[in-house]
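K.L.:
Could you build all of it, start to finish, from the sequences and the hints given here?
2 protein chains.
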Amino acid sequence: MLIECVPNVSEGRRLEVVAAMAEAIRGVPGVRLLDLSSDPSHNRSVFTLAGDPIGVERAVLALFERATAGIDLRAHKGEHPRLGAVDVVPFIPIEGATMADCVTLAKKVGAEVAARFGIPVYLYEEASSNPARKNLEDIRRGEFEGLAAKIASPDWSPDFGPKAPHPTAGASVIGARMPLIAYNINLATDRLDVAKKIAAAIRQSSGGFRYVKAAGFMLQDRGIVQVSMNLTNYEKTPIFRVFETVKREAERYGVSILESEIVGLVPAAALNAAAEFYLQIASFKPDQILENNLRT
Amino acid sequence: MLIECVPNVSEGRRLEVVAAMAEAIRGVPGVRLLDLSSDPSHNRSVFTLAGDPIGVERAVLALFERATAGIDLRAHKGEHPRLGAVDVVPFIPIEGATMADCVTLAKKVGAEVAARFGIPVYLYEEASSNPARKNLEDIRRGEFEGLAAKIASPDWSPDFGPKAPHPTAGASVIGARMPLIAYNINLATDRLDVAKKIAAAIRQSSGGFRYVKAAGFMLQDRGIVQVSMNLTNYEKTPIFRVFETVKREAERYGVSILESEIVGLVPAAALNAAAEFYLQIASFKPDQILENNLRT
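From first to last, the protein sequence lines stand for chains A and B. Per the working numbering, the very first residue in the first sequence carries number 14; after that it's consecutive. Per the working numbering, the very first residue in the second sequence carries number 14; after that it's consecutive.
Don't take every hint at face value.
Where chains are identical, the list cannot tell them apart; a pair therefore holds if satisfied intra-copy or between any two copies.
To be verified - Keeping only pairs whose Cα atoms sit at most 16 Å apart, straight-line, the calculated EDC-like set for lysine to aspartate or glutamate is:
id, residue 1, residue 2
1, Lys298, Glu274
2, Lys120, Glu304
3, Lys147, Glu248
4, Lys298, Glu272
Hints in this document: simulated from the structure, not taken from any laboratory. The structure displayed is predicted, hence computed values, not measured ones.
P.N.:
Here is the structure:
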């Protein structure tokens, strides 16, 4: 069972502190640190790690230990909103793992973080059973500075831990979500209005697909426009359906798709679903992929 | 580097002999035995194994040792043509391995088999540099019983080993080829002539794609017809191109594709190529697939 985890930590300037956290993750067997990026202006670092549930749990706890010792939010400034030293911890099902597995893991880790470090924990996204507390932005509103007041209200009692902020580490938001796919479609036109109209047609916020966020942009150097998207659940809103809809909407304006691009990582299952759709493959099973027989 | 190997052995009835060979393969570190199927009427067993080049080499040599000790071709009868105890050994590039790597490995193993067991070895397919000796059927023609006469002719001097058959193990054919994909397309019609015409249009032997073998069949129980194919090089003749051609040819007869099916295993790259084609993904790299970052 393979689970991905993308902890966001409130430190992006003191790189020796970030390196010590990376070291702590790398020291855990059964886990690989796939990516680490630090943003000084956000004063924030994003770790991408993956492994079996036990390994990922241990790596996250090791990260909490280092972050709690090394970060004091009272002295932290940056452009990005944040509630805690370890600000957000999403668990993401990748292979042989279900969303239910990730929800279970999020709750287990949340309880442990509260018990071991005295940090209040909010569950979010799929791990939250309260609709008013699913959205990360809602939980984080008011930030570390407003937390003491917010946490005292009955609506914002944490899911685990004390009803008061940790003095230096604030609170943490832990949960489960699907992998996010950054997907862009470039149109063979310089008409920005077409890209903006298509983005509006496909994104949830204006009536489109539930798991699509989209905006239209001009790519100045190439003289073309782009529909830039985040696909937040490729199982329920698959890439091929978004692609076909963009293609059909573009036709309406006499515009063709020039190309599409996947930015960063994509789960194999998201690409396989496209192959199955277009090739009309009946009753395909993931274990028919040769490479899937080589992993235990 | 991941290489697949599919040795065909001339024993499909005495299952304790087959089991001993499987045991020998399983005992080699760095190798996994993915599949084993024995056919009593062919009196033949097919092993599918995969691993790094060193592991695969050791596993094949261990298989030769058991097969040479346990099989006497003078007493072997079966429907399938055969030249040797270990009849055919193809090496197949899967991941991070090129065809050149597999050709190198085939020659290395061929030389070792000749040296250690005194078995003459013919190189075939991509490992053969002689056009008259690329095709397995050409090399195997005359079978074990005709080998003593054939091997004495200058045209059929082996690539490695003695110019005479091994008394009980005959000769072996060792080489390199692309993975074979068994791919069927079912048509929404009961018109067998349409399936046969389309099969003729797409297969190499009658003017179609170079790496396609195809035939049209009736699926009696479902009342539909099928274009049944072997795709012998999915890089040069990709699945999506075959699918689109079958679809277009079927339209000519007013027939639609009902579904397609992949029988058995398919390399991930073959499916990814279809996703890239239909989604028009520009400059996609295999290391963008999340899972590919988890293997060393």
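K.L.:
Run every hint past the structure and note whether it holds.
P.N.:
Against the structure, the hints:
1. In this homomeric assembly, lysine 298 and glutamate 274 come within 16 Å of each other (Cα to Cα) only across copies, at 11 Å, whereas the closest approach inside a single copy is 26 Å.
2. Taking the shortest Cα distances, lysine 120 and glutamate 304 never come within 16 Å of each other, neither inside one copy (32 Å) nor across copies (25 Å).
3. Within a single copy, lysine 147 and glutamate 248 get their C-alpha atoms no closer than 19 Å, and across copies no closer than 45 Å, so neither meets the 16 Å cut-off.
4. With identical chains, the CA atoms of lysine 298 and glutamate 272 are at most 16 Å apart between copies only, with a shortest distance of 15 Å across copies and 29 Å within one.
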